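Asker: Respectively, the protein sequence lines represent chains G and W. The first sequence lines up with residues 240 to 358 when you count with this note's numbering. The second sequence lines up with residues 30 to 161 when you count with this note's numbering.
The set of hints was computed from the structure by calculation and includes no laboratory data. Just so we're clear, the structure is a prediction, and the values are computed from it rather than from any experiment. Among the hints, erroneous ones may be present.
[What the hints assert, rightly or not] Facing chain W, from chain G, some residues (calculated, C-beta under 8 Å):
hint, residue
1, Ala-255
2, Gly-263
3, Thr-268
4, Gly-279
5, Ala-292
6, Pro-321
7, Phe-348
[Claimed, not checked] Residues from chain G shown here face chain W by an in silico Cβ test under 10 Å; the list is partial:
hint, residue
8, Leu-261
9, Pro-272
10, Tyr-280
11, Gly-308
12, Val-327
For glycine and all other residues, C-beta sits at the position ideal for the given N, C-alpha and C.
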Amino acid sequence: MSRDRALKLFAIATAAGTFSGLLGVGGGTVIVPLLIFWLGYGEREATGTSLAAIVVIAGFATGAQALYGNVDVPNGVLVGAPALAGVVIGTAAQQRISERAVALLFAAFLIATAAELIL
Amino acid sequence: MEYVAAALLGFAGGTLGGLVGVGGGLLFVPALAIFLDESQVHAEATSLLAITFVALLGAWRQREYGNVRLTEGLLVGALSPAGVAAGVVVSNAVSQRALEIAFAGLALVIAAQLIRRVVKPGPPSTEATPGA
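Using the sequences and the hints, build the whole thing.
Answerer: Encoded structure:
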């Protein structure tokens with residue numbers, strides 16, 4: 240891996256970690272577009288790789304939060320179990336649409352995120 | 030009733046996560062805060078637990094579809110604690126509101142770039158220059 244590429248990956252990790260720490264989310268919001276614009280990923284590839292990064296980021300963060308006793312496991316299961324069914328459906332559906340459609344969906348998601356941040 | 034609403038939002042968050050490659054926290058946090066009466070801090074912490082498993086299953090599915098560059102993805106994840114630390118420093122120095130607005134602005138700029146990329150017709154080099 241080139242030095243330039245490694246530095247870009249580090250910058251993406253830093254941005255994702257900052258975003259995650261700030262808002263208590265996984266960081267995919269910043270990982271996906273940065274993989275596309277900085278490292279030339281295809282849209283689908285960016286979303287798939289983002290999920291792999293999120294496992295590690297959210298895993299660390301959950302561990303840290305659990306130490307403070309902030310994690311409510313039953314509620315996590317109540318929200319997370321249906322979400323597991325959702326992610327299987329979502330990833331399968333994504334294989335049937337064009338990369339342009341994935342990009343547009345992501346843009347819509349960003350606009351919704353901006354609205355939630357401002358409100 | 031609240032439980033059903035929270036579960037439905039969870040399902041929607043997971044579906045969205047699968048479609049656009051995020052964990053679903055954007056919907057999990059309000060589900061936990063509004064319908065299950067968790068404080069913002071607890072909602073974010075509990076959301077992270079759900080995100081971890083959603084992302085794990087989603088990444089596995091995407092790997093089966095051939096869409097995961099595992100080494101680089103894991104590298105981004107492994108390097109992120111530096112960012113988390115930076116985030117803590119930054120969020121102590123700047124108001125939460127300023128950061129929210131900054132990130133909202135950034136999200137809109139990126140959305141505009143993505144849309145422009147998609148609607149841009151074909152490679153520009155093949156277009157005839159008018160009047161040339």
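Asker: Tell me, in ascending order, the numbers of any earlier hints that this structure violates.
Answerer: Violated: hint 4 alone.
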